[in-house]
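Trainee: The two chains are supplied separately, each in an independent frame; assemble them into the complex guided by the hints.
The lines below spell out each chain.
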Amino acid sequence: MNGLQWWCSAQTSAWTWNPRPFPGVWLLVALLVAGYWLFRKLAGAPATPSDRSRDRKGKWAWAGGVLSLWLALDWPVGALSGYLASAHMLQYLLTALVAPPLLLLGVPIGAWRRLASRPGVVRVIRFLTQPLIALAIFQLILFYTHLPSVVDRLMVTPLGSFAIDTMWLTGGLIFWWPVVAPVPVRQRFGYPLKMGYLFLSTVLNTMPYAFLTFGELPFYGVYELAPPVGILTAREDQQVAGLLMKVGGGLILWTAITIQFFLWYGREGEAEGPAPPA
Amino acid sequence: MNPTICRRIRRTAARVAPALAFIVLSTGCRVEAPERSEAEERARTTGYRGILLAEAGPRPDFVLTDAQGAAFDFRLQTEGKLALLFFGYTYCPDVCPVHMASLAAVKRNLSVDEQRRMRVIFVTADPRRDTFERLREWLGNFDPEFVGLRGSEAEVDSIMLGLGLPAAIRDTAAGPEYTVGHASQVIAFPPGDGFRVIYPFGTRQADWKHDLSKLLNP
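Taken in sequence, the protein lines are chains A and B. Numbering-wise (this note's numbering), the first sequence opens with residue 1 and increments by one. Numbering-wise (this note's numbering), the second sequence opens with residue 1 and increments by one.
Hints listed in this document are in silico derivations from the structure and should not be mistaken for laboratory results. A portion of the hints provided could be inaccurate.
Here are a few chain B residues that sit away from chain A, every Cβ distance over 12 Å (derived from the structure) [claimed, not checked]:
#: 1; residue: R44
#: 2; residue: I51
#: 3; residue: A71
#: 4; residue: D73
#: 5; residue: V95
#: 6; residue: R170
Which residues of chain A face chain B? A partial, calculated answer using Cβ under 10 Å [as the list claims (entries may be wrong)]:
#: 7; residue: A14
#: 8; residue: N18
#: 9; residue: P19
#: 10; residue: R20
#: 11; residue: I109
#: 12; residue: G110
#: 13; residue: E224
#: 14; residue: A226
Heads up, the beta-carbon is just placed ideally off N, CA and C, and yes, glycines get one too.
The following block holds chain B by itself, in its conformation from the complex (with noise of 0.2 Å):
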């Protein structure tokens, strides 16, 4: 090669390198040591991203209504799968959407027969404006199988205590358009129960497709 074009080259290499090490190294220094989630931490102890309860009783024997108008027995129309279940409202504007959203964005990636084996269940804690037909249209913007219950307040809020998480609180006060104060967290029920792995809000779908497949082959 022309000595000139070489002593080009290595003049502009020299010039070139330092000002990339100064940058990688002033500002880049995440690209090599990526930050672990909180979520990753907990895979490394317990193998889920969740947070595991290991001792865990059966899962909750209730029936409430769903947007059919039919009966639905959690325990009994829930046996031998994974079930997630969580409770909500329908006019939520930021936890609810996002969990559902999440939740059916990771369904879609999973086999037909991982599909068929678990269920989301998604709970109204606001029945007053959460009728029938807005749970089955809400719920069908994100999946149609999801499955959305209905029952009196006191019936839920009791559920709710039943299972550790706080009661519903309604600010029905504040007019037509009130917020509803309602526990954030998905419950995963593997098939065979036994244990339980609360998801909390935060929970991003890298960490429900890390989880779902253990869930689902416990």
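Pulled out of the complex, with its shape left as it was, chain A reads as follows (with noise of 0.2 Å):
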């Protein structure tokens, strides 16, 4: 079973310290590398010195959102997500946290403006990421690919594990997308409204938390009857996932709430204009 395997997936035998290659996760980082120098090039150069300086910050959101991607996928989080539950959370946490903001930070503005003017495709786009919807299909996501009878299916093999992966990142996008997405390639929407969209995740991720964290027997067959991994039993390593899903998803959407907050105020600032003298 510890032949060469494209993706990581869960596994029968021990597990070991000894490094194992993914190359679809290779391939993966390698066309995301790719697809920022098309981007650049497709975009052209920045027109502005304002969109030169986004463009040089972009580069290291993009770099960002990959490294995030890599950690993720790679061995040894990927491989261990195929033993530990809390290993799986992790990479749900980058997979679908991290990375999506990340790189949507780091698509060059030239880019936003060729999407921009294709207003067929803008459509679509409008539409799936109006907040309400995004919301729906990322709790969807989220709740689809906690399911048990989910996992066991789907962890077993790097097929299974691929799609889970997939669709970690697909719903990050687009729950990330009213937030980051410049206008008008998104839905107008406000600081405040940005807040209370990212709180309310923070209040929808507490069901699967509550289920993993409080849960009497562990749920999941494939992390239960995987060969163990350190000293945690199966529903201790459930419950460090639970508040994994909890703490440190709570500490990703809490940080993009201060970020979303500060720039409100900055906004407001700047249109009252400096103080009066005394």
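Mentor: Dropping the structure here:
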């Protein structure tokens, strides 16, 4: 079972700290790097100093997004996600909550403008990323991909595990789109509403957290019957997964809420102008 | 309510509903009709999630040495109790620790009286490496009340064969970290004997929880 696999999945053989290659993950990382290069090429050189400055920062955001995905999907986190529910949860946080906003922030401004010039595509994207729809899609993906029957069925094959990761990344991009993407490729969505949207998602992830943390028995056969790693029992591992979802997910979302608050505050300050001299 | 707001709510609902329906129908069908596991299917016909052997003789009669170094008479010392017998080895990387961890977790949730009326017996199939101290330490990680038994390889193999299990295969030529091929099932002997229930690897804690109270009170 420890032969070459293109994507990580659950294993029946004992865990070892010998690194294992996942060529599919490397291909994805290469495609993302190439994708950025293509975006830059299509977008052309930034026209204004502010665009230049934005794209310079965006480059680092894109790199952060790619790095998060790489960390989540490659050895050891990716491989451990076939043994431990807690590693699987860490993978979820990185794939659905950390990487997507960074990737969206990294898209060059010229690429956004090119996208905005295609009204048909924009109409579809704007529909899918309306806050209520985006939130519903993301929560359904979160709920579905944490169902025991789904995890037990999909995590045992590389294709199934890839499907889960793809759903997380797609759901994450849809979820973060209303918050991060610029107008006109998203609906107008003020800072207070963005904060409310993010807050609502912190509330909604309480349900899976509660199930994982307070469940009397392990939910996932794939983790309950996996060769043990470390000293945690299957139930303790599941509890750590639940806490990671609540605390780790909460930390990411509250950081985003705080950033939105300061952006809002800064903009209000700009509108008011400098204080008059005393 | 303001008609404009009503209109907006209706419009939003009309947009959200098809998206929700699409996702639920395309991916979430199993939410409503989860598949039953093989163990659950068995429980529908026999009442047990394990594999019921309806006609079985008395529990085996053998004496081995426990981890404290005292003689342990299996039939005598488990009489009137639910005995869960398993053959494995402490260096096992997968099946043995999972079975032991599952049994320990489920046992913790039983009443004190129920715990008193059951015994988990682990017979090492690898007496070369599983010293008494090693057995005590390893089983203590799961539950200090689990009984560890040790005998010669020939004795253990003979008991396994007597129970209809294959003898252990010890790949000692592979070096000091050799593996041992052994039967992966736990055999449950209920207090009154007369039948046995086999629990293959893959038995979940939920299955044990379902069956243990029945086994304790057949």
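Trainee: If a hint holds in the structure, say so; if it doesn't, say that too.
Mentor: Outcome of the hint check:
{"no.": "1", "hint": "R44", "result": "18 Å, holds"}
{"no.": "2", "hint": "I51", "result": "17 Å, holds"}
{"no.": "3", "hint": "A71", "result": "32 Å, holds"}
{"no.": "4", "hint": "D73", "result": "32 Å, holds"}
{"no.": "5", "hint": "V95", "result": "9 Å, violated"}
{"no.": "6", "hint": "R170", "result": "18 Å, holds"}
{"no.": "7", "hint": "A14", "result": "3 Å, holds"}
{"no.": "8", "hint": "N18", "result": "14 Å, violated"}
{"no.": "9", "hint": "P19", "result": "19 Å, violated"}
{"no.": "10", "hint": "R20", "result": "16 Å, violated"}
{"no.": "11", "hint": "I109", "result": "29 Å, violated"}
{"no.": "12", "hint": "G110", "result": "31 Å, violated"}
{"no.": "13", "hint": "E224", "result": "6 Å, holds"}
{"no.": "14", "hint": "A226", "result": "8 Å, holds"}
Checked against the numbered hints above, the structure violates hints 5, 8, 9, 10, 11 and 12; every other hint is satisfied.
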